[in-house]
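Protein chains in written order, with the numbering used here: chain A, 1 to 454; chain B, 1 to 454; chain C, 1 to 454; chain D, 1 to 454.
Please note that a few of the clues may not be correct.
One copy or two, it doesn't matter: identical chains are merged, so the pair holds either way.
Derived pair list, reagent style DSS-like, types lysine-lysine, alpha-carbon separation capped at 27 Å [unchecked claim]:
1. Lys166 to Lys235
2. Lys251 to Lys48
3. Lys166 to Lys361
4. Lys7 to Lys100
These aren't lab readings, by the way, just hints derived from the structure by calculation.
4 protein chains.
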Amino acid sequence: MIVERFKAKIVAHLSYFIGSGNDAMVVDPQRDCQIYIDVAQRERMRIKYIFETHRNEDYVIGSRELAHLTGAQVYHGPWPAFTYGNTLEDGQQFDLGSLKITATHTPGHTPGCMSYAVTDLDSGKDTILVCTGDTLFVNDVGRTDFGGPENRQSWSESLYDSIFNKLLPLGDAAIICPAHGAGSVCAIGIADREWSTLGLERQMNPVLQLSRAEFVEYKVNEHHEYVPYFRTMEKYNLEGAPFIGSNFTPKPLSVTEFQSKIEAGAQVVDTRSPSAFAGAHISDSYSIPHSVLSYAGWFIKFDNPILLVNENPNDLDYVVRSLVRIGYDNVEGYLSDGLSTWYRVGFPLHSLGLLTVQELKARLDAGEKLTLLDVRSSAERDEGYIESTCYIYLGHLEKQISDVPSDLPIVSICNIGLRASIAASLLRKHGFENVYNLIGGMSAWHQSDYPITH
Amino acid sequence: MIVERFKAKIVAHLSYFIGSGNDAMVVDPQRDCQIYIDVAQRERMRIKYIFETHRNEDYVIGSRELAHLTGAQVYHGPWPAFTYGNTLEDGQQFDLGSLKITATHTPGHTPGCMSYAVTDLDSGKDTILVCTGDTLFVNDVGRTDFGGPENRQSWSESLYDSIFNKLLPLGDAAIICPAHGAGSVCAIGIADREWSTLGLERQMNPVLQLSRAEFVEYKVNEHHEYVPYFRTMEKYNLEGAPFIGSNFTPKPLSVTEFQSKIEAGAQVVDTRSPSAFAGAHISDSYSIPHSVLSYAGWFIKFDNPILLVNENPNDLDYVVRSLVRIGYDNVEGYLSDGLSTWYRVGFPLHSLGLLTVQELKARLDAGEKLTLLDVRSSAERDEGYIESTCYIYLGHLEKQISDVPSDLPIVSICNIGLRASIAASLLRKHGFENVYNLIGGMSAWHQSDYPITH
Amino acid sequence: MIVERFKAKIVAHLSYFIGSGNDAMVVDPQRDCQIYIDVAQRERMRIKYIFETHRNEDYVIGSRELAHLTGAQVYHGPWPAFTYGNTLEDGQQFDLGSLKITATHTPGHTPGCMSYAVTDLDSGKDTILVCTGDTLFVNDVGRTDFGGPENRQSWSESLYDSIFNKLLPLGDAAIICPAHGAGSVCAIGIADREWSTLGLERQMNPVLQLSRAEFVEYKVNEHHEYVPYFRTMEKYNLEGAPFIGSNFTPKPLSVTEFQSKIEAGAQVVDTRSPSAFAGAHISDSYSIPHSVLSYAGWFIKFDNPILLVNENPNDLDYVVRSLVRIGYDNVEGYLSDGLSTWYRVGFPLHSLGLLTVQELKARLDAGEKLTLLDVRSSAERDEGYIESTCYIYLGHLEKQISDVPSDLPIVSICNIGLRASIAASLLRKHGFENVYNLIGGMSAWHQSDYPITH
Amino acid sequence: MIVERFKAKIVAHLSYFIGSGNDAMVVDPQRDCQIYIDVAQRERMRIKYIFETHRNEDYVIGSRELAHLTGAQVYHGPWPAFTYGNTLEDGQQFDLGSLKITATHTPGHTPGCMSYAVTDLDSGKDTILVCTGDTLFVNDVGRTDFGGPENRQSWSESLYDSIFNKLLPLGDAAIICPAHGAGSVCAIGIADREWSTLGLERQMNPVLQLSRAEFVEYKVNEHHEYVPYFRTMEKYNLEGAPFIGSNFTPKPLSVTEFQSKIEAGAQVVDTRSPSAFAGAHISDSYSIPHSVLSYAGWFIKFDNPILLVNENPNDLDYVVRSLVRIGYDNVEGYLSDGLSTWYRVGFPLHSLGLLTVQELKARLDAGEKLTLLDVRSSAERDEGYIESTCYIYLGHLEKQISDVPSDLPIVSICNIGLRASIAASLLRKHGFENVYNLIGGMSAWHQSDYPITH
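Put together the whole structure using the sequences plus the hints.
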């Protein structure tokens with residue numbers, strides 16, 4: 001029996017290849033799904049089943065594409081009314097080599113959530129592991145807000161009952177395989193640790209220490225963001241997204257082609273580091289450093305072409321796959337030799353200021369007037385901030401751009417300087433001239449023992 | 001300026017990526033064409049032009065697929081009436097970075113053959129290299145029999161004139177980039193050496209030492225095989241073959257699935273070595289060792305599924321790509337863990353005898369009665385054979401199977417033992433019981449100084 | 001926190017890369033240790049600690065080489081007196097990002113065995129996982145015979161106490177990371193399932209269901225093989241093996257070089273499949289198919305050069321690395337183009353018979369006299385055999401070769417045909433002429449419902 | 001016969017793998033020489049011979065290491081007195097499959113230069129290709145200044161005679177395989193085109209159009225740089241450099257380790273793009289963007305450790321290999337997660353200004369006082385520059401740093417902005433505060449049609 005875990009970094013999505021004998025199953029496959037086929041070939045196994053834990057909101061699921069390539073059968077829960085695959089009964093069982101798979105209905109995150117408990121008949125009857133989807137994560141549980149305020153109470157109750165009545169009874173010793181790791185927007189407190197068991201969660205997951213009533217109250221009042229691109233994911237995952245094949249090489253564009261596509265409405269996404277973006281960038285481009293690519297979902301449109309500016313052709317594959325995983329099939333090309341393609345012919349560039357925390361502190365101490373703009377999540381904000389910062393969450397910045405004072409230089413602040421670079425690029429796109437990114441962000445501010453307000 | 005050469009081993013097909021500045025062209029792309037896109041990305045170039053030297057008979061050209069993936073324009077000569085791409089004028093020119101490309105009409109192999117001469121304006125006006133397609137190879141020239149006997153004389157004359165009046169005048173110093181290397185069926189005498197120049201060919205190519213009349217007479221009388229799968233290639237290369245994407249991973253099959261597909265008419269192709277095939281194989285399978293895969297074109301049907309038996313999952317990619325390159329998109333799967341999948345459940349196996357040359361010599365010396373069957377090409381046959389062998393070329397064996405005496409044990413003979421393994425498998429499929437493969441073949445027989453007849 | 005598991009197939013050795021923040025540790029590294037450095041680089045982590053669970057008998061540990069390449073510190077238990085690295089105290093603790101590592105003395109398999117319990121301070125105080133070395137496997141426990149009969153009782157008692165008093169108290173919910181998976185000679189009953197927890201083992205591991213007295217009695221009487229190459233591993237792992245670097249490409253040899261090395265005493269290891277070996281092989285070579293390479297440890301000498309015959313250059317890396325992992329640094333080269341290098345010049349070949357189970361059954365039913373030689377393990381033998389087989393375990397075959405009757409044809413039998421191929425090659429080396437391999441072995445015999453004796 | 005060309009970008013060094021039958025030779029191997037072994041394995045060939053064309057000045061030759069790994073024999077010319085390998089006679093011949101290799105003494109670039117002419121006996125007696133080392137390049141010839149002014153005349157005469165009396169007589173049709181491509185410091189005018197023939201050079205190479213007297217005069221007066229690291233290369237290539245194995249993974253360093261190594265004298269090399277370096281960098285680091293890494297040879301010391309700052313762990317392999325190729329085995333590590341490792345803990349950063357050509361033009365037009373510093377080669381300088389620039393070649397900048405006026409802001413200028421970034425970093429290291437890099441450089445200035453002075 002093998003268990004292989006795959007992580008799609010962009011949305012911290014975890015998927016699983018589980019095999020026994022010559023047969024295998026995949027749980028919640030990512031859209032670029034050749035990886036599972038490669039493992040199957042290496043292990044000399046056939047993918048027989050594809051199980052979805054639920055209709056996802058934050059990424060495009062690869063079930064239909066993987067089924068198309070392998071002939072495997074797709075299964076999902078009773079909600080919503082999927083237009084492909086097979087609907088499971090609660091308790092339905094499957095054989096896979098020496099394994100017995102039991103599909104268990106665990107509603108709460110959505111009404112159709114399924115978990116998949118795995119028993120190895122070669123060893124005995126205990127549940128070895130359970131794929132918990134968005135029902136139970138390491139250190140947190142799934143959000144319950146997707147049904148709207150009217151369903152939040154009942155979905156939260158369902159979630160509690162699914163965890164306490166369906167999952168935990170499988171035994172402390174069962175390993176859990178959740179659908180997301182740290183960094184996902186599907187829960188706030190997912191631990192960085194990728195492996196856990198039902199027993200560890202029962203004992204240490206803070207949400208599971210609450211009573212049913214406390215749990216429900218907590219979940220009903222929890223704050224989550226609904227990122228605009230979720231709408232497209234919901235549609236794709238109900239009906240199946242277009243097939244993508246395995247070509248993830250965008251077209252190299254000359255500077256003239258690039259510019260004429262910009263004029264025709266293309267969106268420029270610059271995935272270089274904050275310091276490179278600050279140094280020089282093309283006017284009106286989005287700074288979205290490739291480690292925070294998922295923020296594209298807040299800003300980037302599905303119906304205008306995307307053009308990439310990146311440092312190194314080796315990064316392209318990662319960027320294009322990541323965008324495809326969240327439904328952006330509209331990457332039209334990239335600046336063929338990176339930004340130097342642009343500046344070696346003398347095309348104009350813009351720049352931003354970078355401030356180190358020492359520089360900012362010195363300026364503030366010297367009484368300089370600056371607008372400090374904190375764009376972190378509210379949870380991060382609650383842990384403390386620099387005095388007199390104004391606060392707008394990055395995802396809301398474009399909508400609330402008119403709230404940003406435009407008379408003073410603006411210092412964009414996040415935890416490190418990555419999201420602050422995005423914010424700074426948005427400000428520049430909206431006409432703010434004098435914009436700085438606080439490089440090192442609150443992390444550096446803390447380390448330098450500068451004062452924090454709460 | 002870079003020149004990168006790609007060799008598709010199955011038909012010894014050579015294609016070229018030629019780039020200068022940020023632009024590139026591809027000449028005669030193979031069907032699995034991601035390789036050119038990868039080079040373009042590495043070199044930060046854009047593929048602008050795809051040039052075909054002629055409508056090929058022996059492999060599926062990848063022009064349409066590559067154009068689809070890159071937006072490049074496809075060009076070919078004036079014959080036949082292609083249903084895609086652009087038709088060239090003789091002498092039409094293209095710019096590519098600092099290069100000037102001149103398309104030159106060089107009919108003979110077919111009436112529409114084009115050559116592409118490349119000049120580097122940074123250096124001067126001399127032709128640097130010329131892509132000669134099937135007009136001129138290293139040590140040989142293209143065959144002129146595809147137009148049927150009625151056109152053979154005139155096509156041969158055209159070929160001579162194209163070489164002597166169009167190509168050689170480009171200068172001794174020009175490097176040639178032909179469309180095939182040694183091992184191709186497009187000419188008999190292509191040298192193993194992959195690099196040459198017009199000067200080297202003018203001085204050393206044996207066919208170019210002939211007078212025009214001698215040349216034409218030689219070409220008109222030259223013996224070539226027309227392999228049955230050529231018919232499909234002609235159609236594909238006129239109209240464009242189906243797109244294939246980049247998935248070359250066939251499906252692993254269980255022994256039951258494999259057997260039921262056999263019963264439904266699938267063709268089993270066993271690509272293992274002659275000794276492995278001799279040791280044990282599935283009844284009625286074709287032995288086609290993967291270094292002589294192109295022989296599939298003689299026997300394998302396009303409309304029945306192909307099932308593979310191979311040694312190692314690492315070989316699959318090569319086998320499937322190679323078959324796709326000659327139009328076999330019908331590989332349905334492979335025996336998941338190789339032949340052991342089959343025999344560990346006790347399914348029946350067949351075997352063949354292997355004879356070393358020492359063993360054969362001893363048996364012959366002892367007066368044993370054996371049918372020796374030589375299946376090599378007529379050119380090889382002409383260089384000498386073992387006394388009293390009967391001769392049928394491998395490609396014709398199925399059609400002439402009734403000519404093979406069935407009363408004595410048969411020893412199948414080629415040069416090494418690879419094609420003899422194919423022949424032995426054909427004999428077994430047609431009911432011959434007592435079949436041997438002479439392992440080492442005529443090569444070993446020669447090395448052992450055993451007697452040769454002419 | 002990431003946990004990455006690596007499996008060295010040859011001895012089913014499992015090693016672990018565990019990282020948190022920017023720091024990482026490796027437990028029981030394999031000797032070709034670039035893999036850990038690659039993961040560290042990908043994850044942007046530094047390897048700080050290398051922990052050995054014990055002095056291994058069955059493979060060369062890579063601690064010293066990995067320490068040399070990374071600057072990490074090596075730690076091991078109090079026995080034996082290692083000549084490199086640091087000796088741990090029971091209970092000694094280490095910080096690694098947010099993790100706390102506790103080294104726990106768990107003697108039994110050897111007096112120096114250590115386990116490493118991992119707590120994630122970000123989550124709480126529970127043990128998340130524990131590296132159990134050869135103390136506790138999935139479904140079995142470590143062998144206790146390496147101290148000789150005089151220590152077996154006390155080592156077995158220690159093992160029980162280590163498991164019940166040191167490991168199980170860490171909690172049912174802790175994931176276990178043992179040092180071996182199924183197929184290891186370090187225990188007989190390791191499950192094929194690679195993931196487990198203390199709770200699953202407590203409830204389902206058959207050995208842990210015994211009382212202390214039963215456990216000790218069982219362990220004292222358990223049958224294990226001591227493979228001759230263990231002697232060299234013991235020395236290497238006490239003192240540190242020679243550094244190997246990362247070159248695993250053996251030298252291609254011409255047929256003349258190959259033959260002259262054979263004459264000078266080199267050992268020929270033929271890693272091709274049983275059917276290929278049966279079809280044709282070089283006289284006096286060992287058949288060791290590459291999926292059962294660890295049997296080399298029974299036969300192959302450390303001080304004579306090894307020459308390889310293989311099917312495909314792509315296999316070489318795996319074969320050479322695997323041999324290096326068990327201390328065979330003496331691969332001198334391989335036959336450059338596989339066996340065809342040999343037979344195309346007419347060098348002599350030998351062959352073996354293959355029998356399918358149908359053929360064997362028919363011959364036996366027809367009353368043919370055959371020596372049936374079963375070479376499986378005693379545990380497999382106990383599950384049933386073909387009537388009138390004589391039994392010699394493969395590892396003992398050379399020593400007991402004089403017990404094999406030489407008057408009749410011999411049929412070598414294992415479970416599939418891989419080990420039977422080794423046995424057949426040994427018989428041929430010792431002068432037996434008429435040798436068959438039962439292809440499909442007892443597995444096929446069972447599937448065909450032929451009679452089994454107990 | 002196969003010919004594979006390898007390009008080591010850092011010094012535009014070209015090496016060749018030439019094989020025929022089962023034998024191969026390598027000409028001028030690079031130091032990280034596993035690449036040749038991999039090709040040999042793929043082609044099932046053995047490397048028998050390693051030929052050096054001459055004692056190189058600009059990179060470490062890999063002959064000894066490759067010989068050590070393969071058993072091949074090393075050959076070189078009669079000068080200098082190498083302490084390893086075999087010395088060739090002029091005209092000495094070697095067989096390689098069907099090839100005949102003739103070693104030809106072609107002094108001039110150095111007194112010991114050899115060329116290697118290759119004939120394919122299967123085709124005839126003409127020379128197919130010739131490895132010309134630094135004697136003849138595409139569009140230029142080797143420099144003749146390494147023997148000092150006293151030998152320059154005679155070496156230049158020798159070079160002419162070698163080319164006209166030894167090489168060109170081999171025939172117009174022979175392909176040339178020189179030791180360097182465009183970008184090498186071994187000649188000024190090497191064409192970007194990588195393939196040529198003797199005929200093309202005879203007709204188009206500008207230096208070969210001169211009479212013997214003109215040629216000699218031209219070569220005697222030609223301007224070349226002698227880069228300081230050449231001294232170490234000369235020593236290494238006389239005696240053989242230390243073996244390097246195949247580990248090119250430097251150690252990841254924490255910010256504290258990094259800083260303490262800086263304090264102990266380590267040199268920081270920042271290989272990020274000019275815009276990233278301008279945005280933020282560690283004080284006193286060298287900006288050496290990875291496409292102009294060879295400039296390290298002017299500044300970086302062999303006896304102080306090198307620390308790397310880079311963008312992406314995927315770049316490390318290229319950077320470390322490239323440095324190793326020019327003898328820098330002293331890379332001690334890299335900042336583990338790039339520059340963000342540094343700034344997220346609030347460590348101080350410096351920045352530079354970037355100016356676009358539009359900005360510079362506007363400032364100059366506005367009458368702003370600026371020191372414009374042109375650091376290009378004298379050949380580039382001769383093609384025109386911006387009025388009132390002061391000129392110091394980049395390689396001489398540190399020595400002549402006191403000539404740079406320190407009262408005004410300085411704008412560093414090269415052709416694109418890469419070398420200007422190096423220069424800017426040197427200026428900052430030497431205390432200049434107000435430094436700008438003209439991004440896009442003279443290339444952008446030209447494209448913008450701004451005025452040029454000569």
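Structure-based check of all given hints:
no., hint, in the structure
1, Lys166 to Lys235, "neither (29 Å within a copy, 53 Å between copies)"
2, Lys251 to Lys48, "between (36 Å within a copy, 11 Å between copies)"
3, Lys166 to Lys361, "neither (53 Å within a copy, 53 Å between copies)"
4, Lys7 to Lys100, "both (25 Å within a copy, 25 Å between copies)"
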